[in-house]
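S.K.: Let the sequences and hints guide you as you build the complete structure.
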Amino acid sequence: MDQETYSEIILELYKHPMNEGKIENADLTAQGGNPLCGDAVRLDIVFEGNRVKEIMFSGEGCAISQASASLLTDIVKGKTMEEIQALKPENVFEYLGNIVQTRIKCALLPLHVLKEGLREYRKKEEKPLVVQGIKI
Amino acid sequence: MNVEKIRGDFPILETMVNGHKLVYLDNAATTQKPRQVIQAISEYYEKYNANIHRAMHSLGEQATQAYENAHKKTAEFIGAESMREIVFTRNTTESLNALANSLTLNFGKKDEVLLTEMEHHSNLVPWLLQSKRKGFMIKYIPVKENGELDLSNLEKLITENTKIVSITHCSNVLGTINPAKEIIDAAHEKNALAIIDAAQSVPHMKVDVKQLGCDFLVFSGHKMLAPTGIGVLYGREQLLENMEPFLGGGEMIHEVWFDKATWNNLPWKFEAGTANIEGGIALAAAIDYLQKIGLGEIQRHGEKLVKYAFGQLQRLDYVKIYGPEPEERGSLVSFNLGRIHAHDIATMLDSKGIAIRSGHHCAQPLMRKLGVTGAARASFYLYNTREEIDKLIEGLRVTAEVLAR
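In order, the protein sequences belong to chains G and W. The opening residue of the first sequence carries number 134 in the numbering used here; numbering runs sequentially from there. The opening residue of the second sequence carries number 126 in the numbering used here; numbering runs sequentially from there.
Keep in mind the hints are simulated off the structure, nothing from the lab. Among the hints, a few may not be true.
[To be verified] Taking lysine-lysine pairs in the DSBU-like style, the calculated list, with each CA pair at most 35 Å apart, reads:
#, chain 1, residue 1, chain 2, residue 2
1, G, Lys268, W, Lys288
2, G, Lys148, W, Lys445
3, W, Lys269, W, Lys331
4, W, Lys494, G, Lys248
5, W, Lys257, G, Lys238
6, W, Lys288, W, Lys494
7, W, Lys445, G, Lys268
8, W, Lys315, G, Lys238
9, W, Lys315, W, Lys257
10, G, Lys268, W, Lys259
11, G, Lys238, W, Lys516
12, W, Lys432, G, Lys148
13, G, Lys238, W, Lys288
14, G, Lys155, W, Lys494
15, W, Lys257, G, Lys268
16, W, Lys494, G, Lys268
17, W, Lys331, G, Lys148
18, G, Lys155, W, Lys445
19, W, Lys516, G, Lys148
20, G, Lys268, W, Lys331
21, G, Lys148, W, Lys146
22, G, Lys238, W, Lys445
[Said to hold, decoys possible] Distance windows between CB atoms, simulated:
#, chain 1, residue 1, chain 2, residue 2, range
23, G, Lys212, W, Val128, 52 to 62 Å
24, G, Phe226, W, Asn390, 56 to 66 Å
25, W, Val523, G, Thr235, 56 to 66 Å
[Said to hold, decoys possible] A short, non-exhaustive set of chain G residues, derived as facing chain W with CB atoms under 7 Å:
#, residue
26, Thr138
27, Lys148
28, Gly171
29, Phe180
30, Gly182
31, Gly194
32, Cys195
Quick reminder that beta carbons are idealized off the backbone N, C-alpha and C, glycines included.
M.R.: Here is the structure:
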């Protein structure tokens with residue numbers, strides 16, 4: 134079955150994730166999840182000016198949410214805050230491959246956590262900042 | 126019991142899902158419907174659709190007859206005294222909400238309601254809502270490691286202040302069949318009312334309200350071959366007589382003035398507004414279908430399937446099954462496969478046309494107690510076969526291979 138249900142990239146990132154871990158003294162830590170299914174994602178980010186210099190993810194949950202989190206860290210590294218806020222779901226699917234309808238939320242959880250965390254960070258203008266309890 | 130013949134009655138079992146013939150193992154969520162039930166609905170709309178009770182024309186009379194007969198049939202089905210004890214609702218959840226609202230009207234801080242830790246949210250949240258308004262206390266019968274209720278302290282848990290004991294007959298997560306009679310008797314000893322959530326038991330075994338001795342019993346039509354939107358609230362006649370209506374409107378009244386009203390006879394006192402007439406008629410057709418096969422046969426078939434599934438699951442690596450041994454459970458089994466998320470299991474199986482449920486199964490407090498955020502659940506009914514369980518097991522084997530890390 135179904136290497137197609139889970140694209141190769143999802144399986145690869147799920148089994149051998151990039152940028153998994155935590156950053157001590159991160160400028161922004163954004164944590165969130167989907168209480169319905171127990172998916173949880175934490176993103177630790179260090180900025181250089183307006184740009185993401187370093188980013189790591191940690192968490193637990195289904196293959197799609199965890200692979201998506203790992204992928205996202207790769208996509209946003211080096212990007213400005215504006216560029217990140219402009220990211221759309223399609224940008225995630227472009228890399229992850231087709232996601233079955235029932236699991237769209239899993240795939241979009243990390244992007245949602247990142248954007249919500251970033252919004253708070255720009256509003257509060259303080260660091261380090263920890264944003265918790267972001268729900269999708 | 127001729128399963129092949131039964132399967133022929135369920136058109137949906139021919140459906141192809143993702144290129145595979147449907148293997149439907151999500152019966153604890155809702156069951157499929159046989160042609161006989163679907164036809165009863167079409168026949169009603171094609172031949173005698175009309176609003177019931179007050180129509181002075183033939184169609185109205187025919188529809189009223191059919192709808193009232195559905196109450197009678199349901200009463201006989203669960204061994205109730207008469208149709209006066211059978212109120213149709215939308216589903217189990219609505220039945221439980223109705224009871225939680227109507228029975229606690231005069232409750233205060235000292236009063237207690239006893240539930241179990243394995244309740245579906247439907248037998249938990251209505252009580253939480255009402256306890257917030259009325260201030261009464263909710264206590265829980267604990268669940269043991271093996272998935273059974275810990276009844277060792279039952280006598281202490283049911284106090285002089287306990288007014289209601291409301292428990293599930295069969296857990297939708299663990300499959301545990303609870304010793305309902307023992308708990309009902311204990312409740313009655315302290316003059317508490319006993320409510321049984323029979324959503325997972327009535328479809329699968331002969332349930333008799335007199336034998337159980339319960340005061341109220343609730344279940345849903347859609348988990349027993351009937352459509353969604355029709356549920357049952359059984360209550361002992363005397364109790365229903367004394368209970369306040371939970372919905373006001375047409376049909377539930379006897380006489381109305383600008384400043385007061387009196388109530389209709391049972392069960393109509395509790396069925397305000399135009400009823401789900403097709404639902405009632407279809408429920409009667411579903412009961413006919415189940416009784417023709419026999420609840421005993423259905424129960425034995427379910428027991429065989431769950432025993433087989435349990436044994437096959439145990440042979441998989443890293444499988445963790447929740448709940449008691451197959452001899453002690455209803456026709457469902459919840460499990461996890463190592464650290465693979467339950468939703469991943471369900472999605473992988475779906476790609477093979479196998480439908481199971483995954484998640485918290487509307488029992489978050491219980492899942493927390495089990496130390497998991499979710500589980501996969503396969504649940505069976507009269508049309509399922511061993512071959513389908515073999516497909517499930519094969520699907521799980523592949524899932525474990527693809528997603529192991």
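S.K.: Give a verdict on every hint.
M.R.: Hints and how they fare:
no., hint, in the structure
1, Lys268/G x Lys288/W, "violated, 38 Å"
2, Lys148/G x Lys445/W, "holds, 21 Å"
3, Lys269/W x Lys331/W, "holds, 26 Å"
4, Lys494/W x Lys248/G, "holds, 33 Å"
5, Lys257/W x Lys238/G, "holds, 33 Å"
6, Lys288/W x Lys494/W, "holds, 26 Å"
7, Lys445/W x Lys268/G, "holds, 29 Å"
8, Lys315/W x Lys238/G, "violated, 49 Å"
9, Lys315/W x Lys257/W, "holds, 24 Å"
10, Lys268/G x Lys259/W, "holds, 31 Å"
11, Lys238/G x Lys516/W, "holds, 28 Å"
12, Lys432/W x Lys148/G, "holds, 34 Å"
13, Lys238/G x Lys288/W, "violated, 43 Å"
14, Lys155/G x Lys494/W, "holds, 28 Å"
15, Lys257/W x Lys268/G, "holds, 25 Å"
16, Lys494/W x Lys268/G, "holds, 22 Å"
17, Lys331/W x Lys148/G, "violated, 48 Å"
18, Lys155/G x Lys445/W, "holds, 30 Å"
19, Lys516/W x Lys148/G, "holds, 26 Å"
20, Lys268/G x Lys331/W, "violated, 44 Å"
21, Lys148/G x Lys146/W, "holds, 31 Å"
22, Lys238/G x Lys445/W, "holds, 27 Å"
23, Lys212/G x Val128/W: 52 to 62 Å, "holds, 58 Å"
24, Phe226/G x Asn390/W: 56 to 66 Å, "holds, 59 Å"
25, Val523/W x Thr235/G: 56 to 66 Å, "violated, 19 Å"
26, Thr138, "holds, 4 Å"
27, Lys148, "holds, 4 Å"
28, Gly171, "holds, 2 Å"
29, Phe180, "violated, 32 Å"
30, Gly182, "violated, 37 Å"
31, Gly194, "holds, 6 Å"
32, Cys195, "holds, 4 Å"
Hint compliance for this structure: hints 1, 8, 13, 17, 20, 25, 29, 30 are broken, all remaining hints hold.
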